[in-house]
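> The task is simple: from the sequences and hints, build the whole structure.
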Amino acid sequence: MSWGEIVLNVVFYAFAVAGIAGALAVAVSKNIVRSAFALLTVLFSAASFYAFMRADFIFAAQILIYVGGILVLIIFAIMLTHRITNVRLSNESAHSWGAFFACFCVAFALILIVATYRWSRVEKPMVAVVASQPPVRLALAMYQADGTTGVTRGGRMIDGHGVLVVDAPDLPGRMRTGAAARIRIEGPQTILRDVPFEPRGPEGHRARLELSGLPAGKYRWSVALAGEEPEAITPEVPAVDFVAERGLTKAIGWALMGRYLLPFEAVSVLLLAALIGAAFLARKEVKA
Amino acid sequence: MNWQDYLFSRRPLETLLVLSAVIFACGLYTIMTRRNAVSILMGVELVLNAANINFVAFSQYVPRADIHGTVFAIFVIVLAAAEAAVALAIIIGIYQNFGRVDVDQAESMKG
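Chain order of the listed sequences is Z and V.
The opening position of the first sequence corresponds to residue 914 in this note's numbering, with each subsequent residue numbered one higher.
The opening position of the second sequence corresponds to residue -14 in this note's numbering, with each subsequent residue numbered one higher.
Because the hints were derived from the structure by calculation, they are not lab data.
Quick caveat: nothing in here was measured; it's all calculated off a predicted structure.
Among the hints, erroneous ones may be present.
[Claimed, not checked] From chain Z, some residues computed to sit far from chain V (all C-beta separations above 12 Å):
hint	residue
1	Ser942
2	Ala1015
3	Ala1041
4	Val1042
5	Pro1048
6	Asp1080
7	Gly1086
8	Gly1100
9	Ile1104
10	Val1108
11	Pro1109
12	Arg1113
13	Gly1117
14	Gly1126
15	Pro1148
16	Arg1172
[As the list claims (entries may be wrong)] Computed from the model, here is a short list of chain V residues facing chain Z with C-beta under 10 Å:
hint	residue
17	Phe(-7)
18	Val7
19	Ser44
20	Ala58
21	Ala69
[What the hints assert, rightly or not] Ranges between beta-carbon positions, derived for each pair:
hint	chain 1	residue 1	chain 2	residue 2	range
22	V	Asp51	Z	Ile919	28 to 34 Å
23	Z	Gly1114	V	Asp51	33 to 39 Å
24	Z	Phe989	V	Asn(-13)	48 to 54 Å
25	Z	His1008	V	Gln90	16 to 22 Å
26	Z	Arg947	V	Gln(-11)	33 to 39 Å
27	V	Trp(-12)	Z	Leu1185	48 to 54 Å
28	V	Asn(-13)	Z	Pro1148	30 to 36 Å
29	Z	Gly1190	V	Asp89	20 to 26 Å
30	V	Asp51	Z	Ser1125	21 to 27 Å
31	V	Gly84	Z	Ile919	53 to 59 Å
32	V	Asn(-13)	Z	Pro1101	37 to 43 Å
33	V	Asp89	Z	Glu918	48 to 54 Å
34	Z	Phe1014	V	Gln(-11)	33 to 39 Å
C-beta atoms are modelled at their ideal positions from N, C-alpha and C, and glycine is treated no differently.
Next up, the structure:
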């Protein structure tokens, strides 16, 4: 574990604890103003989760709209609907064990589903065989730059950086010293590089290649063993799409102006309707 | 499972899904038990936020998923803003008519 990973986890779990504590406070706090400020904590930690997911645009939208808009609106409503001079900002709740039990069951069921479904199978490396003498089994995988998400079977590389990993669990004895994986990547830019295998203890050998600064586009890749005659190549891996720019903003802009244009326009009409409706509902009654 | 499986950096999707499940349950409890209409609205915001975290997490961490989940999250944020504006206008209307914002007390439609 590197220092970067340690810091990432510590900061993430600090935000996670703050978020859960805030959500609990919203649910049980006796003072409604406290509830509102606990909601602020939850919204901020949700924004931090978006930042951890590298969804930069959603991060900014969350802070601008939720924290800057909705929360201020809620606090306004609290101040308008409670007599502040009365200092009775109580927040009555009909606490019932039935509701608590129901919510506990919902949370338990959701966590059980998350824990038991085999999410990891979408990240499994692809096993390919190099038809050398004797045949060598290789596990091919490509991960996002932070090493978390596999995109081996075709996917999106968020910011044009990736890590390519070739695992050889049972390299034949004559190849164990000085063996290298010959990685070829074809797409807008072609790369042919020999990467030496490094021993990983009982798990065999691993060759690791970091890719960065590739021009955007679809890339296919395959692996051979360097120095083998005749050269034997693994089957090609489905293309991986490198998105060159960092972040999601440009991709979201293209999506909103392309495939999602109709919903986007519908939302603008809805916002207009909400604006008029809110003004109509909140206006002062004029007695005729 | 060893302890490293619980790290965010090793299993980001599962960690975020568990977090959003907890926030969702808290929001549900708020909606079920509160009498104050503004508090109920806060519970709705919690539920929407939990759903949004799920949308973005699946969009970012499932390899084949494209940008669709993220775009959907933007629509959810916009709809939440519109919903909050209208709901608060209604709450203020209730307050003007009944003098309080207790959902159990607001019984008649014509005020």
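> Each hint needs a verdict: does it hold in this structure or not?
Going down the list of hints, with the structure as the test:
Listed as a non-interface residue, serine 942 of chain Z fails to keep its Cβ farther than 12 Å from every Cβ of chain V; the least gap is roughly 9 Å. Its beta-carbon lying about 7 Å from the closest one in chain V, alanine 1015 of chain Z breaks the requirement of being farther than 12 Å from that chain. Annotated as non-interface, alanine 1041 of chain Z keeps its C-beta farther than 12 Å from every C-beta of chain V; the closest such distance is 17 Å. Distance check on valine 1042 of chain Z: its Cβ is at least 23 Å (rounded) from any Cβ of chain V, clearing the 12 Å threshold; non-interface status holds.
With 12 Å as the threshold on Cβ separation, the claim that proline 1048 of chain Z sits away from chain V holds: the shortest Cβ distance comes to roughly 28 Å. In this structure aspartate 1080 of chain Z is separated from chain V by more than 12 Å, as the shortest Cβ-Cβ distance comes to about 17 Å. With a least CB separation of 31 Å from chain V, glycine 1086 of chain Z remains clear of the 12 Å interface cut-off, as annotated. Every beta carbon of chain V lies more than 12 Å from that of glycine 1100 of chain Z, the smallest distance being close to 18 Å; the non-interface claim holds.
Non-interface call for isoleucine 1104 of chain Z relative to chain V: holds, since the shortest CB-CB distance, roughly 21 Å, exceeds 12 Å. Distance to chain V confirms valine 1108 of chain Z as a non-interface residue, since its nearest Cβ pair spans about 23 Å, more than 12 Å. The beta carbon of proline 1109 of chain Z sits about 26 Å from the closest Cβ of chain V, which is more than 12 Å, so the claim that it is off the interface holds. Against chain V, the non-interface label of arginine 1113 of chain Z holds: every CB pair exceeds 12 Å, the least being about 16 Å.
In this structure glycine 1117 of chain Z is separated from chain V by more than 12 Å, as the shortest Cβ-Cβ distance comes to about 20 Å. The claim that glycine 1126 of chain Z lies off the interface holds: its Cβ sits roughly 22 Å from the closest Cβ of chain V, which is beyond the 12 Å cut-off. With 12 Å as the threshold on Cβ separation, the claim that proline 1148 of chain Z sits away from chain V holds: the shortest Cβ distance comes to roughly 18 Å. Consistency note on arginine 1172 of chain Z: stated as away from chain V, yet its beta-carbon is not over 12 Å from all of that chain's, at 8 Å minimum.
Hint status for phenylalanine -7 of chain V: holds, given a least beta-carbon distance of 4 Å to chain Z, under 10 Å. Given hint, valine 7 of chain V at the interface with chain Z, holds; its Cβ is 5 Å from that chain's nearest Cβ, closer than 10 Å. A distance limit of 10 Å between C-beta atoms decides the matter here; for serine 44 of chain V the minimum to chain Z is near 8 Å, and the interface restraint holds. Contact between alanine 58 of chain V and chain Z, as hinted, is supported at the beta carbon level, the nearest pair being about 6 Å apart and thus within 10 Å.
Annotation: interface hint on alanine 69 of chain V holds; nearest CB of chain Z at approximately 5 Å, less than 10 Å. For aspartate 51 of chain V paired with isoleucine 919 of chain Z, a C-beta distance near 32 Å keeps the hint of 28 to 34 Å intact. Checked against the given bound of 33 to 39 Å, the beta carbons of glycine 1114 of chain Z and aspartate 51 of chain V, roughly 38 Å apart, stay inside it. Between phenylalanine 989 of chain Z and asparagine -13 of chain V the C-beta distance comes to about 49 Å, which sits within the given range of 48 to 54 Å.
With their beta carbons about 18 Å apart, histidine 1008 of chain Z and glutamine 90 of chain V fall inside the hinted range of 16 to 22 Å. Look at arginine 947 of chain Z against glutamine -11 of chain V: about 37 Å separates their beta carbons, and that is inside 33 to 39 Å. Against the hinted window of 48 to 54 Å, the Cβ-Cβ separation of tryptophan -12 of chain V and leucine 1185 of chain Z comes to about 52 Å, which satisfies the hint. Roughly 33 Å separates the CB atoms of asparagine -13 of chain V and proline 1148 of chain Z, a value that falls within the hinted 30 to 36 Å.
Between glycine 1190 of chain Z and aspartate 89 of chain V the beta carbons are some 25 Å apart, a value that agrees with the proposed interval 20 to 26 Å. For aspartate 51 of chain V and serine 1125 of chain Z, the hinted distance range of 21 to 27 Å is satisfied, since their beta carbons lie about 22 Å from each other. A hinted range of 53 to 59 Å for the beta carbons of glycine 84 of chain V and isoleucine 919 of chain Z is consistent with their spacing of about 55 Å. For the pair asparagine -13 of chain V and proline 1101 of chain Z, the supplied restraint of 37 to 43 Å holds, since their beta-carbon distance comes to about 40 Å.
For aspartate 89 of chain V and glutamate 918 of chain Z, the Cβ-Cβ distance of about 51 Å falls inside the hinted range of 48 to 54 Å, so the restraint holds. Between phenylalanine 1014 of chain Z and glutamine -11 of chain V the beta carbons are some 34 Å apart, a value that agrees with the proposed interval 33 to 39 Å.
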